[in-house]
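Protein chains in written order, with this note's numbering: chain V, 1 to 68; chain A, 1 to 380.
Among the clues, some could well be false.
[Stated by the list, open to error] Subject to a maximum C-alpha distance of 30 Å in a straight line, what follows is the list of computed DSS-like cross-link-like pairs (lysine-lysine):
1) V/K12 to V/K48
2) A/K126 to A/K138
3) A/K43 to A/K56
4) A/K56 to V/K48
5) A/K124 to V/K55
6) A/K56 to A/K138
7) V/K12 to V/K55
8) A/K138 to A/K124
9) V/K12 to A/K298
The set of hints was computed from the structure by calculation and includes no laboratory data.
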Amino acid sequence: MSSEPTFEAAQKELEQIVQRLESGETGLDEAIALWERGEELYRFCLGKLDSAQGKIEQLASRVEASKP
Amino acid sequence: MKVEASLYGDRKVFSVSAFNRGIATWLQRLPTVWVEGEVTELKRHQRWQSVFFTLKDPADGACLGVSMPRGQFDGLRLGLADGDHVHAYGRPELYAARGEFRLRALSLERFGLGDHLAALERLKRKLAAEGLFSAERKRALPVWPRTIGLVTGNDAAAKRDVLAGIQTRFPPAHVVVAETYVQGPRAAGAVVEALRRLSEVPGLDVVVVARGGGSFEDLLPFSDERLVRAIASCAVPVVSAVGHEQDTPLCDLAADVRASTPTAAARLVVPDLRELHERLDRARSGLERGARRSLESKVGRLEQAHERLRRAPALLVERRRAGLEHAAGRLRTLSPRATLNRGYAIVRADEAIVRSATSVESGERIEVEVGDGRFGARVE
């Protein structure tokens, strides 16, 4: 993930990987590689969501503070 | 005609008669015109050659004496009475004997409400045919007008209603008032001029033309062709709030939006600031709720994908393992051990499997394999 993908692209790739793994048509070595890639995508997406959550809380508290 | 004058030194002096005749002659050069007014002081006598009456301007009371040959007057059979509205066709005249200026009428037509209506209807059809009232010409009012022009009478209730309505709903609004006549013969031209003045105001976004209710005649200037055209060609959208709901002066048709009352016009041109604030607040809380909901659904979807991802390799290995077990089972079934267990034996001579009775000789040592092991033997 050198050039950072969007959350949606990462999510899509992750779900495609899950589908491929669940189809059971991959080789074992490939399955392991896919899993690692999937975990990497999951951590990336989770990080994105965590930072979005942080921003929402920040904005919400700022809105709360600015209420007359 | 040459007018005689006497000379007193270098002073040229006319007799009254000569003066009157001179003026009368000069007046005869003026064209024949139509004059509209209200008939008063109608005088008709059998002995007189002419019928006399005064035409009064209902707007300001200006008067004009009229004479008309009695035969012509009677021939029209108009049955006129004081207070009737007429159009008189004639030319200015000075009655030389008395020095009285008046209109010498050649023809006379009643011009009452019905005639006004008919004339209005003709004008309406003409302007409609030009497309002046068509829906495609209507412009939308600005949502946030910077400057609002208001054409209205001075200290009119209409003016107060529009200003109050605008102030209440949208205090920061900037209104430029162009006061003008809203009644009488000068009204139409004055409104046109007011519109022109307003059009020069920088930043003008919309114009309201407001006039309270009035009689049919009172509202006639607002159906004047010049005024209607000025409204249609105004550079910014125009809201017409003239008369009451049931009145439809032509300016209402030419305007971009018609308001039933001056207060309604105020509601149309400015947004309600308080309502805007409330909407904004609602939108803001909706914004936060929406953001949270969207985030939650994304977290849910991600966790679901992750759960499946986590389980998938194990499932895959499990499935492979089961496949392997199955293969092993089949392998075992195919191996000779099971056959040996059923009582068969494998005979080997010099580690080679004996497949024919002729391949061994008597006394030769052989090895026999049965289900649970091997033992030696000798061929007999």
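The hints, checked one at a time:
1. V/K12 to V/K48: holds, 14 Å
2. A/K126 to A/K138: Given that 30 Å is the threshold and the Cα spacing comes to 18 Å, the pair holds.
3. A/K43 to A/K56: Status holds; Cα separation ~15 Å.
4. A/K56 to V/K48: violated, 86 Å
5. A/K124 to V/K55: violated, 63 Å
6. A/K56 to A/K138: violated, 40 Å
7. V/K12 to V/K55: holds, 23 Å
8. A/K138 to A/K124: This hinted pair holds, its Cα atoms lying about 17 Å apart.
9. V/K12 to A/K298: holds, 12 Å
In this structure, the hints that do not hold are numbers 4, 5 and 6, in rising order.
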